[in-house]
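Student: The primary structure of each chain is shown beneath.
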Amino acid sequence: MTLKQVQEGIVNSQVWKSIFRVGIPDTNRKRVLAVLGSLILHLHPVKVRRSGVRMSYTWCMGGTSFFLFLVETVTGLLLMFYYRPTIEYAFTDIMDLREQAPFGIMREMHRWGAHAMVIAVWLHMFRVFMTGSYKPPREFNWNIGVILLVLTLLLSFTGYLLPWDQLAIWAITVGSNMARATPGAGNEGPMSSLIKLGDVPLIHAGDDARFGLIAGRSIGAATLLRFYVLHCMVIPLAAGFLMAIHFWRVRKDGGISGPL
Amino acid sequence: MSEQITPYQVAPKTPLAGSAAAEIREQGEITRRKFPVVLTTAWVALTAAVGGLASILGRFLFPNVLFEPVQKFKAGLPNDYSVGEVDERWKDKFGIWIVRNEEQMYALITICTHLGCTPNWLPSQNKFKCPCHGSGYYRTGVNFEGPAPRPLERAKISIDPADGQIVVDKSVQFHQERGEWSSPDSFLKV
Numbered sequence: 001m002t003l004k005q006v007q008e009g010i011v012n013s014q015v016w017k018s019i020f021r022v023g024i025p026d027t028n029r030k031r032v033l034a035v036l037g038s039l040i041l042h043l044h045p046v047k048v049r050r051s052g053v054r055m056s057y058t059w060c061m062g063g064t065s066f067f068l069f070l071v072e073t074v075t076g077l078l079l080m081f082y083y084r085p086t087i088e089y090a091f092t093d094i095m096d097l098r099e100q101a102p103f104g105i106m107r108e109m110h111r112w113g114a115h116a117m118v119i120a121v122w123l124h125m126f127r128v129f130m131t132g133s134y135k136p137p138r139e140f141n142w143n144i145g146v147i148l149l150v151l152t153l154l155l156s157f158t159g160y161l162l163p164w165d166q167l168a169i170w171a172i173t174v175g176s177n178m179a180r181a182t183p184g185a186g187n188e189g190p191m192s193s194l195i196k197l198g199d200v201p202l203i204h205a206g207d208d209a210r211f212g213l214i215a216g217r218s219i220g221a222a223t224l225l226r227f228y229v230l231h232c233m234v235i236p237l238a239a240g241f242l243m244a245i246h247f248w249r250v251r252k253d254g255g256i257s258g259p260l
Numbered sequence: 001m002s003e004q005i006t007p008y009q010v011a012p013k014t015p016l017a018g019s020a021a022a023e024i025r026e027q028g029e030i031t032r033r034k035f036p037v038v039l040t041t042a043w044v045a046l047t048a049a050v051g052g053l054a055s056i057l058g059r060f061l062f063p064n065v066l067f068e069p070v071q072k073f074k075a076g077l078p079n080d081y082s083v084g085e086v087d088e089r090w091k092d093k094f095g096i097w098i099v100r101n102e103e104q105m106y107a108l109i110t111i112c113t114h115l116g117c118t119p120n121w122l123p124s125q126n127k128f129k130c131p132c133h134g135s136g137y138y139r140t141g142v143n144f145e146g147p148a149p150r151p152l153e154r155a156k157i158s159i160d161p162a163d164g165q166i167v168v169d170k171s172v173q174f175h176q177e178r179g180e181w182s183s184p185d186s187f188l189k190v
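For the record, the sequence lines run as chains A and B.
Letter 204 of the first sequence, counting from 1, is numbered 204 in the working numbering, and no numbers are missing.
Letter 190 of the second sequence, counting from 1, is numbered 190 in the working numbering, and no numbers are missing.
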């Protein structure tokens, strides 16, 4: 058997054909079919504008944000194998992740990746603003992006508590105090003092918005577990869902940036 | 050859009469007149279902049992505290300083009014000093330096008539800037 025969044998086999249905994509039509017929490849558009791949125009900050989200997902998943969100273990598990777990840099990557992601998201937003890419028909996607920015910041905020050191506890104490000022729902917020039965206030430190957020009157074990679940499940799932809409709308609203 | 059926070929249409579709039409057809009622019922049901789920979800986030120190505790007899002292024995457990001077005793809540950190009592400088951003308070709880916008809060303090012990209730708080420190519940005469 010659090499060519072997090659043809493989390419004509049922296994090969079941995976690569289009064959060698040697024409434009086949290339389109190959991309659209693959779950992974179809995430990227078949064709992009020339301006869309110019680094000086896009800064690639949207792509960098997504890449960093993937980095955070992978490193975060690995950290979950060692980290336990209880007050007995949280701090020592963080120390062990640095000193005892293989590749102690994993936690540092997660931490620095988080900082980088916040910066990348801001720069992405800045670029979109400066190029006017928020204008119709992209105004809906701008709003999705604003929510994604908030989710990015909330991911950083919830992740900040997990090391359970003094910095974490007091940062979340200070940060969550903002919820006290929620109008009508925080015990120090405007209008909250009006909500009462006779002399008994209905909005107080034991049932207001901050209480619901941190599951207590002060930061404690329940807060740690709650922020862990928010950090590892709730916010990433919400962000993933909105990112899918965000990327889809980029294409439906006339392709990646550039003049319409 | 003509009997071969392609996947796209559909069965020939039969008249409605006598069919299942015709029965539904005769018995329960949604007429123009019925349609608004059906639509309203559907929307009310959907709203109730979604609203019910949302309120269950919201309520679920508010725990019934808290694993944190109680808000109301007994702090011993007044004579356990010496005059002119800021007592720190309940600071870690309940977040309370009990201060006694010549005329009265009061319970200060150990939460800085700036952003909620816990200040330190510095006896040598006769002041409370917050380590986070440097707010300073006199031993009365009144702020005099740093970013704190108002004095520390005082908790309700009373004497249990049964055993003469001090009872501190953190769930009732007195703000100086609202003039509440003159309230008889905010201090003990000694």
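One should not assume that every hint holds.
[As the list claims (entries may be wrong)] Facing chain B, from chain A, some residues (calculated, C-beta under 10 Å): (1) 25; (2) 30; (3) 140; (4) 143; (5) 182; (6) 213; (7) 215; (8) 220; (9) 226; (10) 228.
No lab work stands behind these hints, which were simulated from the structure alone.
Given the structure is predicted, the values throughout are model-derived calculations rather than measurements.
From the three backbone atoms N, C-alpha and C, an ideal C-beta is built for every residue, glycine too.
Student: Does each hint fit the structure? Answer for all of them.
Tutor: To see whether the hints hold, each was checked on the structure:
| no. | hint | result |
| --- | --- | --- |
| 1 | 25 | violated, 28 Å |
| 2 | 30 | violated, 25 Å |
| 3 | 140 | violated, 23 Å |
| 4 | 143 | violated, 22 Å |
| 5 | 182 | violated, 14 Å |
| 6 | 213 | holds, 8 Å |
| 7 | 215 | holds, 5 Å |
| 8 | 220 | holds, 6 Å |
| 9 | 226 | holds, 8 Å |
| 10 | 228 | violated, 14 Å |
Violated hints, in rising order: 1, 2, 3, 4, 5, 10; the structure is consistent with all others.
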